[in-house]
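**Q** Chain order of the listed sequences is A and E. For reference, each letter of the first sequence is one residue, going 1 to 799 in the numbering used here. For reference, each letter of the second sequence is one residue, going 1 to 301 in the numbering used here.
Any given hint could be a false lead.
Reference excerpt, derived from the structure (chain A facing chain E, CB under 10 angstroms, subset only) [to be verified]:
id, residue
1, 19
2, 27
3, 29
4, 50
5, 65
6, 68
7, 69
8, 77
9, 84
10, 139
11, 144
12, 146
13, 151
14, 154
15, 158
16, 181
These are computed hints drawn from the structure, not numbers from a lab. All C-beta atoms in this analysis are idealised placements derived from N, C-alpha and C, irrespective of residue type, glycine included.
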Amino acid sequence: MLRLGKYWPAPSAGGAQMPAERRGRLARWVALATVVSLSIIFVLSTGTQFLMPGPLTGAHASIESCSSCHAASGSGKLSWLKGLAKREPHADSKACLTCHTMPNTAFNAHGATDDVLRRSTERLTKTAAALSSPITARAQNFAFPTHDMVAGGLQCATCHQEHQGSAFDPKLVANEQCRSCHIVKFDSFDKGHPVFETYPFRRRTRLIYDHAAHFGKHFPEVAKKDSTKTIPATCATCHDNNAEKRVMGLASFDKTCRTCHLDQITGKERASGPKGVPFLALPGVDVASLKSKNAAIGEWPQDSDAALTPFMKVMIGRTPQGQAVLDAVDRLNLQDLTSASEAEIKAVANLVWEIKTLFNALVSGQASEIFAGLNFASGREAASNIVADLTASLPRDVLVSAQRTWLPNLTKEMAGADARERQRSDLDPVTSSFVRLAHAETQIRSDADPLRVFLERRSGSIQLAEGDSHGEDTIKRRILPSGTPRAIRGETIDGESQPRSLTKGTGRSVIPSLDDPITLPDAAGATDAGGGAPPSNTDPADQSDELLKPTETELKEIKAREKGAPPAPSGGRPAIATPSPGGAAPPPGQGQNSAAEATLPTSDTPDAAPEDGDVDAEEWAQAGGWYRQDYAIYYRPTGHKDRFIASWLQLTGPSAPRDDKGPASSVFNFLTGKDAQGSCAKCHSVDDVPGKGRVVNFAPATVQSKAGQFTRFMHEPHFGLMGDRGCLGCHALEKGRSPLKSYEQGDPRLFVSNFGNIKKDACQSCHASGVARQDCSLCHVYHVNGSATAIMKTKIPTP
Amino acid sequence: MRGAARSATNALTGGRNGLPEWLFTGKTAGTLLLAVICSVLFWTVSLYASALRDPRYLDGWVLAGGMVAQLLFHVALRKRSGTPKSFRRWRAFHIMVGYVLIGAFLSHSDFSLPDTTLEWSLSMGFVLVTLSGLFGTYLSWSVKAKHGISDGISFERIAARREEIAREVQDAAMHASQPPEDHRLPPLPYDSWIADLYANHLMAFLEGPGQFTAHLFGSQRRLKRVTGEIDMLMRYVDAEGQKKLAAIRELVVEKDRLDYARVYLGLTKGWLYVHLPVTYGLVVLTVLHGIVVYAFSSGAW
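Chain E extracted, bound-state conformation (with noise of 0.2 angstroms):
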């Protein structure tokens, strides 16, 4: 929040320079360029076939060339060598390319739908590996934009600390506190009242995992209605009470951070299962489609 509101008035006061604050971030660059980079190439195209060229050779090559810059992505992780840093790179290259890749493909297809089988194949494995590519993209974002999962955090372990959370609030909510010395008036049920929220709302909480398209979407909702019933009753207790409530309330919070980490430390796991796989098929496919082009090629190029 608050840094938006500093993108925001840096964009209307005027940032360094008096040019705009968002125009300096990474992120904005990146996009300019995509820009710049797409529209030279829709550009190069069209001259291209206002020179009595078949464009489709023109942006085809951009494509396989493209393909093969993305296959040496693959090739360096699974030789496992450079550094960390030369990974972040090579990733954000790839996501570059990618993209760059997606208007390669529309220029290529002349924006419309396959009509026949080979073609429907080849829109298919690119369009799999793009959705794929774009997924994984987004997962990235939104863990970095969550400030991502702690370190101690993997998916192995996560069903274990679960576990282990379960029962600790479970312990915090049913252990009877000590009554007070001074016995003139009866206390309060405070301990009923903490069970009974136990078990209306944080039983169900931390059984087993859950959440996932909140998660997915990045919604808070059900951790906040929880936290929320925490907090209310927080205000009723005892400070005895109290103490008992913020123990559990952060036990809530890690297991909401655990179905979270699952989440993505999941799809993580899973969206490559798809883009690898499919890429190896576009791969084949591509050559083939190569292959016959050239094949029964006519006309300039």
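Chain A with its partners taken away, still in its complex shape (with noise of 0.2 angstroms):
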């Protein structure tokens, strides 16, 4: 046995007890008095808090119960042991994620995609190879790699633990734990952190701005001008740190650009073309070639130059039929169809039709019914917030008033064309179903007054044939908005529905065929020879179309008007009275849009053009607004932020990609134009978007455009330090360079800045050891897509 010396007495040979085994014993028992004493505490303590290793942050103090943070808890005494077993190991993660919402992508590193990590360390791997890494990273590294950690998804508590006190600060991160997963490895901003590269900017300005034209010519000869004008006098007239202080923001267009700019956009510098923009018109089409060629067209106006317009390809190919005759007539000279084929002939034939429809629907029926359909980017109706916009609240009078003076017997013709509609099958139900109520009236020439329409059937002057419909005359009823006419919606004065087929006592229908050219009689009554060709089965002497032919009350009264009117237009012309400029608004006195009391055209003479004497419609409107000229109404902005243009450019961007020949770009391509109205694209630069089509950067950069990027920089911190260079201590302004070039193409990461790029070297004269913070956290952001934490699901309490 060992004699343990001078430290343990020899043992007693009395066979006492050694002190060993007494301290053995008590050392059992004292373990014993832990097991019970602890289980004690346990059982009497409030659920498992006893076992809580510190406590929690006073952001989460008020967290109460384990299992709202630890998943597999439970939340009995006992409960907790069924973490000891294997478990989903973002468990606790969600839980964290109830409060603080963030993308899915929240447990990749950085929250960001993984096309975005997998970009950024292809980038950075180049950037490693010309770097050394300090030897504790290595080491990190060899030791304890975190590849694959990485790899596996990220948990919140890798970098936030709790339970460390109430006024601990679980968002600390440490920089050697930033560094660990990075491929550039350094020990801080002063110590290897590689030189910037493209700092600050990655994509071009999203307003065109060049700043050293500005500054160096516009500037100065402004001022020299009109010494008047306001110019800026240093950056913070412009730029102004907004309440997000991470921003440099812009000043509004009335503080900073309204000087200069604001005639260019309401067009009052604008040296040639029409100061608005061009949203109806009657194309001009050569008359006399589709004459010659028997092309129905009905009455157009010979003298018109007017284009068709954007607008009117985005209205008319709504409908795939409308879409096919635009496609047949895209490559015509409608002004020169002498050597147009027959095809070519019935196309713009086609064409013109189409545009009667529309003016036929729009001057008919409600603007929302056209426009509504147009939402091209998601196919749903646009709302009526969206209609209101895109026809900047086209009044009908304008229209109305374009189609008397156009087209005075537009309805008439598009009440004779319901046959030729019949055998479309495919027009848009508004349109057919005008057409049909039109036809409905044909009785009365479409052209008189309800009053008028009781004293023809009470005087027998048109017998109904009772029972006689014509099977595809068949109108289906339906229940108009109202306000519409009760002319149109085929009611008398007495609530009488108008019967369907008509016959004017001669038994035989009056409608007339649509294969018929409709000829248009000229202010006596005579048949207009410029109207088309006589009809094939009819002698042009003994016109038996009663809608043409005025009745002789009708006769009567119109010599009336006459006697008491100003002479009609020299030369006999046709019915189509020439337009002359104006009708922006109907004159005073005369009522809007009382459905009880419009009138339609009469059907032998046209409207007299509206006396405008000297006005010229687009002065008239230089505050903005609607006005027609000629042969077309247009739109002239009416200022900056003009909603029309805005909307209308909103709506058709993301349907036309560059170098798209569809209607969509059309508009675009006409709004954004070098000398497009408005100027808009003069300002705001337009970016491709990949499958998205075009956008237009109405709005500048916002803290939300910031959203994924890894860095954050707040100016508002360093505004005291810059001295006598101010903003150009930083952004150091070079001279020589392009900006303007980078807007000819659309992708906005490929751009000339006015600016240099930051350097490095300007950070680290403050940011260094022992001067001022330099660790990761204050440059750089982890969660770069964010996190906010999501207002509570209250219900709405009941008595």
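Combine both chains into one complex, guided by the hints.
**A** Here it is, written out as structure tokens:
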């Protein structure tokens, strides 16, 4: 037996217990007492609070249950033991996300997408190849690599440890922890951080603005020309730190650019071309050629030289049939059809009828019914506010006035064209229903007011053929919106509906065949020689088309009017009165859009051109709005942020990829062209969005546009440090650059900036050891897509 | 004193091969080794933390592993196997691991005080075990520094031997010497002086155990006072008296050594009554702590 010498006495001969044995027994008793006391305390304590390793941070102090964050712990006293079993690794992290909402890439490094991480890694691999890693980084990477951890998805607790006291900040992350994942490793910002390559500019500015040209050329010129104009004196005149403190926002247009650029937008400075956007027009066509080739186009002005507007292409092209017509005439010179083929002539005739159908629909129906279906991108109907923007609240009177001047017999023609419509099954329901309803008015030639209808019926001049119905003329009644003129509804004054098939005592249908070219009587009732070839099956001299031939009563009325009216236009002109400028708004006193008072143009004489005198409609509308001039209806921009132009650009942009030839692209290109009215694209850049057409950058950069970026810079703390150089201390204005060339293509990432990249030395002059903070989290963001706490879903209390 | 002077001289003049002599002492080597181990431990923990892992798992397992190693020493002692040399090695290893575990504990607790009841229990358990262990280490060093305790001394025999010493001193002090044969002058009262010394200084010193605190802190002040009185009287007495005083002096020194032995042997018995039971309790708490940690674990470890 080992004698332990001087530390332990020799075992006594009397057999008394050795100290070691006594101590061993005591130790066992202490262990047992420890177990028992722990058990008692645990049982008596609340929940599992006894097991908590430390207080929670202040922000989490209200959390009482461990299972709120520890998903496997359960709510029982011993249910937490289930956490020892293998469990889903991100279960606890998902508990964090119930309050701290993040995108579904939350468990990726930085919360960024795989693609972003891959591209960043590829780029930084090249940088890392040129740098040497510190020894500590290499040792850590060798001993405890992080690649597999990151690949499997990071957990929140990897970086954010709780239970460290109420004053502990769980957001604090050490630089070395950041470094452990990154391929570029260095000790600190002033020891090894790579130099800045393209910081801070990742893309061209959304507003096209050449700082150097403005500072060096435009401002001095303006100041010299007009000293009353306000020229920015400092950078802060235009740029200011906004509420988010992260983005140097731009002051409003009124405070910055208005002085010089407003007149460009409204068109005051426009030297040539219309100042307004041509929205609707009667394009000029070679009427003579069409007539000579027996094209049935009805009435059409001979002297229009307007072009088919892009907007009309959009509206016509909204149906497949309309689009087919547009495609057929796309390459034709509409004003010279002398050498056009039969098919081309027919296509032009179809275009004419499409335009008439459109006008008729606009006049007779609601604008929303046309424009609601123009939502290219989503395919859904456009909301009413969008329709209002797209039409800029175009007054119906403008349309009616234009129609009366350009196509006074439009409604009648459309009624006659109903038969043609029956053959075209894909007319849109709006147009076809109105055509049918117009057809119901054939007995009154569609140009009489309801009172006249009533009187004529009572006088027996029109007999109703009972039981006579045209199978295909059966009109499916539909509820028209209120305000629709009764004449269209088919109601008489006493509310009776008009019968569908009508004769005029002759037993013959008064409905002309759609194949018959419709001729227009002149003011005296003669047939318009220019209105088209005589119908093939009728003697021009014995026109049996009751639609066009006025009744005796009507003739009397016409003559009475003529006696008191100014003389008709010279030359026995055809029914189409020469439209005169103006017509932006009906003269005062006339009803606006009253359904009861709406009158349709007469069949014989076109409306006299409104008396405009010497008023230039375009100048009259210099404050913006609608006006009619020649054979077009224009919209003049009201100023900056014009909703009409902006809404059309926003509507058509997503469906207007560069080099596309579709109708949406035609509108978009028209409004963003070099000399486009409104000059939106002069200052607002247009970006190509892959797969989504193009977008006009109306809004400047905001904090939201910074989402996804890995860096964060706050300007405000630096304001007092820059001395006399100010902004130029970091943003050096580089001369000899051509930033405007960047906007000749659509990729915003290909650009040349007015300003040079910020140099790392500028930052390092302060952010260095012993001077100012230089930890990673000062300038870099980890959760690049942010984290927000969603509002609670509080149920409305019930009484 | 001589050894310290030698060390200082060597330190100034250079010991072996130009290196200081103290570098080659065992204690110095141990201290250096301990410093290196703790440094490596802290550095490894910092690397572990920077690698997106919770460092408390690393230094926790170092603690747990170290405690197991410490328990092995206890098991070996209970088995009473091995040679005295292996025991000494085990003991040295035990002490060294103990020092390392202090560093591991400080790392594990992040150099901060505990927050909750369970943490306080764990911390106090470890602190008690550590303090008692440090105390035991101090005791062994102290005994060694004071040249140990005689082999013949055992704790149970101290009281009996102390009483013997007291009687011997009393007899020696009170025994009257034979007067000289030359009676021309009356002899000086040497015996009474010795008796006075006994009565004034020695009786209290020899009565019962004492000097607990003094011996605990290595103070010999009281012994020196008493032996100083004896030495001072020795100059004035005759040869007979000097012989008597010399014998008394030896007995006084022995009594002092008995007191010293009593203190240290008693403490040696006592500190293990703290160290061992608290260790058992700490083991229970540690096992519970490990289960709880892994049941609630989240993040990388």
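**Q** It remains to establish, for every hint, whether it holds in the given structure.
**A** Hint-by-hint comparison with the structure:
no.: 1; hint: 19; verdict: holds, 6 angstroms
no.: 2; hint: 27; verdict: holds, 4 angstroms
no.: 3; hint: 29; verdict: holds, 7 angstroms
no.: 4; hint: 50; verdict: holds, 6 angstroms
no.: 5; hint: 65; verdict: violated, 13 angstroms
no.: 6; hint: 68; verdict: violated, 12 angstroms
no.: 7; hint: 69; verdict: holds, 8 angstroms
no.: 8; hint: 77; verdict: violated, 13 angstroms
no.: 9; hint: 84; verdict: holds, 5 angstroms
no.: 10; hint: 139; verdict: holds, 6 angstroms
no.: 11; hint: 144; verdict: holds, 4 angstroms
no.: 12; hint: 146; verdict: holds, 5 angstroms
no.: 13; hint: 151; verdict: violated, 12 angstroms
no.: 14; hint: 154; verdict: holds, 8 angstroms
no.: 15; hint: 158; verdict: holds, 5 angstroms
no.: 16; hint: 181; verdict: holds, 7 angstroms
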